[in-house]
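Peer 1: According to the numbering used here, the sequence shown is numbered sequentially starting from 1.
These are calculated hints, taken from the structure and not from any lab test.
Keep in mind that the hints are not guaranteed to be accurate.
[Stated by the list, open to error] Listed next, the in silico SDA-like pairs over lysine to any residue satisfying Cα-Cα at most 20 Å (straight line): (1) K102 - D26; (2) K69 - R13; (3) K117 - A148; (4) K117 - W8; (5) K38 - D79; (6) K69 - H105; (7) K29 - N55; (8) K117 - S135; (9) K29 - Y83; (10) K38 - K102; (11) K58 - K102; (12) K149 - S135; (13) K149 - S104; (14) K117 - F134; (15) K117 - D99; (16) K117 - S39; (17) K117 - S104; (18) K38 - L49; (19) K29 - A74; (20) K131 - T96; (21) K29 - A103; (22) K102 - V15; (23) K38 - N55; (24) K29 - S39; (25) K29 - F134; (26) K149 - C109; (27) K69 - A106; (28) K131 - S39; (29) K38 - L12; (30) K102 - V137; (31) K38 - D82; (32) K102 - P66; (33) K29 - V98; (34) K38 - Q9; (35) K131 - D99; (36) K117 - T96.
As the structure is a computational prediction, the values presented were derived from the model and not from experiment.
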Amino acid sequence: LIDGRHGWQQCLRIVWHHIDAPNRTDALKAVLIVTSDKSHADFTEFRDLLLNRLNDAKQRGVINGPIPKLERVASTGIDFEDYNIIVDTLNRAVDTAVDLHKASHAQICVDATAGLKIFSIAAAMVTLNRKLIFSYVNQDGIPRYYDAKIDMGSLGEG
Numbered sequence: 001l002i003d004g005r006h007g008w009q010q011c012l013r014i015v016w017h018h019i020d021a022p023n024r025t026d027a028l029k030a031v032l033i034v035t036s037d038k039s040h041a042d043f044t045e046f047r048d049l050l051l052n053r054l055n056d057a058k059q060r061g062v063i064n065g066p067i068p069k070l071e072r073v074a075s076t077g078i079d080f081e082d083y084n085i086i087v088d089t090l091n092r093a094v095d096t097a098v099d100l101h102k103a104s105h106a107q108i109c110v111d112a113t114a115g116l117k118i119f120s121i122a123a124a125m126v127t128l129n130r131k132l133i134f135s136y137v138n139q140d141g142i143p144r145y146y147d148a149k150i151d152m153g154s155l156g157e158g
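Turn these sequences into a full structure, and let the hints guide you.
Peer 2: Structure representation (structure tokens):
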């Protein structure tokens, strides 16, 4: 997809997988991007690269619907080691998807391909028991999807 200068390969893969999903009934409306302190300065380059790839795919007829909006969630990068900040930012992204892009929780996927453990834990927790999908692209480039649920009624029973 791209050269090795950037760690964007897996992030591009998950976006493409969402666009190209065979069971997709609605066009992907938006990709809301959370940047770290380190990746924030690269957002414009990442967005332009992704937009270029999406426009190319649309011209070739691979994408039939509209090109999704590509937006940064926060005006600054966040600390990907700070659990509370990550949770707050991801919750803001979910709220933006619902309020601005009119998505239902069943249409939202929180991706944790950033790769850091704290970020992945926070992303999973944001989706817990909310009918939100949690995704991750593994080292082999294969997307994995989870619907995290805990049945609170069975806790304490033994």
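Peer 1: Run every hint past the structure and note whether it holds.
Peer 2: Hints, one by one, checked against the model:
1. K102 - D26: holds, 12 Å
2. K69 - R13: holds, 17 Å
3. K117 - A148: Answer holds: K117 to A148 is near 17 Å, not above 20 Å.
4. K117 - W8: Roughly 17 Å separates the two Cα atoms, so the pair holds.
5. K38 - D79: With a Cα-Cα distance of about 9 Å, the restraint between K38 and D79 holds, given a limit of 20 Å.
6. K69 - H105: Distance of about 18 Å is within 20 Å: holds.
7. K29 - N55: Since the Cα atoms of K29 and N55 sit roughly 15 Å apart, the hinted pair holds (cutoff 20 Å).
8. K117 - S135: holds, 14 Å
9. K29 - Y83: Between K29 and Y83 the Cα gap is close to 27 Å, so the pair fails against 20 Å, i.e. violated.
10. K38 - K102: violated, 31 Å
11. K58 - K102: violated, 23 Å
12. K149 - S135: Roughly 14 Å between the alpha carbons, so the hint for K149 and S135 holds.
13. K149 - S104: holds, 18 Å
14. K117 - F134: holds, 14 Å
15. K117 - D99: violated, 29 Å
16. K117 - S39: holds, 17 Å
17. K117 - S104: Outside the cut-off at roughly 27 Å; violated.
18. K38 - L49: holds, 18 Å
19. K29 - A74: holds, 18 Å
20. K131 - T96: holds, 16 Å
21. K29 - A103: holds, 8 Å
22. K102 - V15: Status holds; Cα separation ~19 Å.
23. K38 - N55: Violated. K38 to N55 sits at ~27 Å, over the 20 Å cutoff.
24. K29 - S39: Status violated; Cα separation ~23 Å.
25. K29 - F134: holds, 17 Å
26. K149 - C109: This hinted pair holds, its Cα atoms lying about 15 Å apart.
27. K69 - A106: holds, 19 Å
28. K131 - S39: violated, 29 Å
29. K38 - L12: Within the cut-off at roughly 18 Å; holds.
30. K102 - V137: Distance of about 26 Å is beyond 20 Å: violated.
31. K38 - D82: Within the cut-off at roughly 14 Å; holds.
32. K102 - P66: Distance ~15 Å between K102 and P66 Cα, so the pair holds.
33. K29 - V98: holds, 11 Å
34. K38 - Q9: Holds, because 17 Å separates the two Cα atoms, which is no more than 20 Å.
35. K131 - D99: holds, 17 Å
36. K117 - T96: This hinted pair is violated, its Cα atoms lying about 24 Å apart.
Of the numbered hints stated above, those contradicted by the structure are hints 9, 10, 11, 15, 17, 23, 24, 28, 30 and 36, listed in ascending order.
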